[in-house]
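Novice: Residue-level listing of the chains:
2 protein chains.
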Amino acid sequence: QKDKDYILMVDWREAEKAVKAGKAKRYSGIPVIDPAKAPGVAFFMPLAKSPHGVDVSPSGRWIIGSGKLSPTTTVFDIEKVKKAIREKDYEDTIDGIPVLTYTSVREAEIPVGLGPLHTQFDGRGYAYTSLFVESAVAKWKLPPYDEGADMNQYVVDKIPVAYNIGHLVTAEGDSREPDGNYLVALNKLSKGRHLNVGPSIPESAQLIDITGDKMKLLYDAFTEPEPHYAVMIKADKLNPIEVYKKDDPERPKNPDAIWSADEAKIVRRGRTVEVWMMAVRTFFAPDVIRANKGDKVIVHLTNIEQTRDELHGFAINDYNINLVVDPGETKTVTFKAKKPGVYAFYCTNFCSALHQEMQGYLLVKP
Amino acid sequence: QKDKDYILMVDWREAEKAVKAGKAKRYSGIPVIDPAKAPGVAFFMPLAKSPHGVDVSPSGRWIIGSGKLSPTTTVFDIEKVKKAIREKDYEDTIDGIPVLTYTSVREAEIPVGLGPLHTQFDGRGYAYTSLFVESAVAKWKLPPYDEGADMNQYVVDKIPVAYNIGHLVTAEGDSREPDGNYLVALNKLSKGRHLNVGPSIPESAQLIDITGDKMKLLYDAFTEPEPHYAVMIKADKLNPIEVYKKDDPERPKNPDAIWSADEAKIVRRGRTVEVWMMAVRTFFAPDVIRANKGDKVIVHLTNIEQTRDELHGFAINDYNINLVVDPGETKTVTFKAKKPGVYAFYCTNFCSALHQEMQGYLLVKP
Numbered sequence: 001q002k003d004k005d006y007i008l009m010v011d012w013r014e015a016e017k018a019v020k021a022g023k024a025k026r027y028s029g030i031p032v033i034d035p036a037k038a039p040g041v042a043f044f045m046p047l048a049k050s051p052h053g054v055d056v057s058p059s060g061r062w063i064i065g066s067g068k069l070s071p072t073t074t075v076f077d078i079e080k081v082k083k084a085i086r087e088k089d090y091e092d093t094i095d096g097i098p099v100l101t102y103t104s105v106r107e108a109e110i111p112v113g114l115g116p117l118h119t120q121f122d123g124r125g126y127a128y129t130s131l132f133v134e135s136a137v138a139k140w141k142l143p144p145y146d147e148g149a150d151m152n153q154y155v156v157d158k159i160p161v162a163y164n165i166g167h168l169v170t171a172e173g174d175s176r177e178p179d180g181n182y183l184v185a186l187n188k189l190s191k192g193r194h195l196n197v198g199p200s201i202p203e204s205a206q207l208i209d210i211t212g213d214k215m216k217l218l219y220d221a222f223t224e225p226e227p228h229y230a231v232m233i234k235a236d237k238l239n240p241i242e243v244y245k246k247d248d249p250e251r252p253k254n255p256d257a258i259w260s261a262d263e264a265k266i267v268r269r270g271r272t273v274e275v276w277m278m279a280v281r282t283f284f285a286p287d288v289i290r291a292n293k294g295d296k297v298i299v300h301l302t303n304i305e306q307t308r309d310e311l312h313g314f315a316i317n318d319y320n321i322n323l324v325v326d327p328g329e330t331k332t333v334t335f336k337a338k339k340p341g342v343y344a345f346y347c348t349n350f351c352s353a354l355h356q357e358m359q360g361y362l363l364v365k366p
Numbered sequence: 001q002k003d004k005d006y007i008l009m010v011d012w013r014e015a016e017k018a019v020k021a022g023k024a025k026r027y028s029g030i031p032v033i034d035p036a037k038a039p040g041v042a043f044f045m046p047l048a049k050s051p052h053g054v055d056v057s058p059s060g061r062w063i064i065g066s067g068k069l070s071p072t073t074t075v076f077d078i079e080k081v082k083k084a085i086r087e088k089d090y091e092d093t094i095d096g097i098p099v100l101t102y103t104s105v106r107e108a109e110i111p112v113g114l115g116p117l118h119t120q121f122d123g124r125g126y127a128y129t130s131l132f133v134e135s136a137v138a139k140w141k142l143p144p145y146d147e148g149a150d151m152n153q154y155v156v157d158k159i160p161v162a163y164n165i166g167h168l169v170t171a172e173g174d175s176r177e178p179d180g181n182y183l184v185a186l187n188k189l190s191k192g193r194h195l196n197v198g199p200s201i202p203e204s205a206q207l208i209d210i211t212g213d214k215m216k217l218l219y220d221a222f223t224e225p226e227p228h229y230a231v232m233i234k235a236d237k238l239n240p241i242e243v244y245k246k247d248d249p250e251r252p253k254n255p256d257a258i259w260s261a262d263e264a265k266i267v268r269r270g271r272t273v274e275v276w277m278m279a280v281r282t283f284f285a286p287d288v289i290r291a292n293k294g295d296k297v298i299v300h301l302t303n304i305e306q307t308r309d310e311l312h313g314f315a316i317n318d319y320n321i322n323l324v325v326d327p328g329e330t331k332t333v334t335f336k337a338k339k340p341g342v343y344a345f346y347c348t349n350f351c352s353a354l355h356q357e358m359q360g361y362l363l364v365k366p
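Same order as they appear, the protein sequences are chains A and B.
Take 1 as the starting number for the first sequence in the working numbering and just add one per residue.
Take 1 as the starting number for the second sequence in the working numbering and just add one per residue.
Calculated from the structure, these hints are not laboratory results.
The hints are all genuine.
Copies of the same chain look alike in the list, so a pair counts if it fits in one copy or across any two.
Once the Cα atoms are required to be at most 30 Å apart in a straight line, the calculated DSSO-like pairs of lysine-lysine come out as:
1. Lys214 / Lys234
2. Lys191 / Lys246
3. Lys191 / Lys245
4. Lys191 / Lys253
5. Lys331 / Lys191
6. Lys191 / Lys68
7. Lys234 / Lys216
8. Lys191 / Lys237
9. Lys141 / Lys234
10. Lys216 / Lys191
11. Lys82 / Lys68
12. Lys49 / Lys83
13. Lys17 / Lys88
Please build the complete structure, drawing on both the sequences and the hints.
Specialist: What follows is the structure in structure tokens.
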């Protein structure tokens, strides 16, 4: 087989033009271009075998392509790519798609280490490539490079991670202005990292400080297997609500919400018992629900708290019910009162020193 | 109301004698003693209101009782308790149960801080009490104390935790020989600890180094709410298996286990399709299952790996099936082939660089 695979580059402005010029066929309404019939839309760029990540530097100039089976990662220059396209500098054609001449578009091959996969950036001219086989992260310098220099000198640091790192993410590393302080290694396994806790071993991600010359491991956090692509952004870009506000003009009111014990009520219609209940530190109102065996019971529970992190739970153990209701939120649960008896319902989310007293009863007549 | 609550002490040797002497009544087969009718079995010991933890020091001599509504924790001396019982040194009797004279059994009241709940030990003569209201852990010295000393001097350190700590645990802190190196604060909430991520905020436990004079926060780990009582033991006390061994004389063989692709088979009986399948890096055998719409499909999947952490998954997305199978384990899933079509099944637990190629097909004829 061949010693190279390819990156497929798409010129999306040309693709847009090709669609407008009627060069696309529609499949299920989606315009599909055959690049062989729309010259200028797609190009192949040769790369080491089994490529994974293709990442673009913050400046937009350097394209980093990693072929897993090569111990190097390749830097392409977008300016050289444009020139090669302009000058039709092709080394081959595959399925009607031109292959750009590798030596014309490649800026450098960086000897980062074994099994390079994905690359992130710090905004200070450095790139960070995950090494799947080596279980490490390599830090290396982006261009320019000295003429004829030994490329090894540009790989400036390496930190081991545990184990088989796949993706990695630097803070705002996919933007024009990376934050440059932190990197998280998203490891696929955790060999050698944890004590033996039996056949199924927890996986972990690792937080690394990238502010200095040397990368520094700060923290391990357990994760669900298998961590994949992620983006890390600065906290001040998000402004989530802290509670569901009682009167929020931007949010539709839940018609079943109630906001005081006075509004609490139980309405029976035939075999249906409908309950409008509120929860607050530290009681439910109403705190007794009466039903007959076989009744359908509907509970609308509003947590009337307006304080951050003041969640309440509502559990009926023998009915396998456990709601968690955020501050200001209303949730509804419907169940059949199949089992006769006296069943405690109680708060399952610690709410105050009197949490354990927050309970009531479901009474089901045989 | 009264200004004290009580610890109920049970002399279990006396209780055993009382049962043997026929002083117990049986309810559902369980012998129940009325302590009023069996003198010497139970005693009340007065304590600050709303008591939580009652913990015994490694030597067995000091009983630490914390009443949540007092800013002190109380040290009782088991020798003084025994003496008071011998001498019938009672200050009251409640429901026929003698109340030991508080000033006779109390060794000291330690001004640990607000909302003391539970106490753990380090084996070097210090105790660690969780402070629910103060959101802190207090480190204090166990007896002996100087005559007439200001007790504040024995509270030697305090570390803030976030937030509303309930239980806490030191390494082997419930044993005669605590390890003395680490403490975990099991916090009920996390106010002020995390960035705002919306109404439901993650809770965390905190790992604290207790080897020095000053306690030192080492690590935050996210936990499910609400963390409760826990025990921390040394890792070398456990020796869990790393894989389910193929030939383990101590474990019954799963009759549906297979250990090679040669043993893989599919058997149809009427409307039932039964599959004995194996998984190994990086294929399933068999990798095609044929069924007719409405058939019952039974898959017995053995992960024949004998390497640590080499789990395989088996998912059929449209059938909402996702098994995770430990190395050497056999799991069975049964489902009805309700939907006709071609459905990929694939490994869902990263297993090697060829993980994504580990797949097969379920073909369901209409």
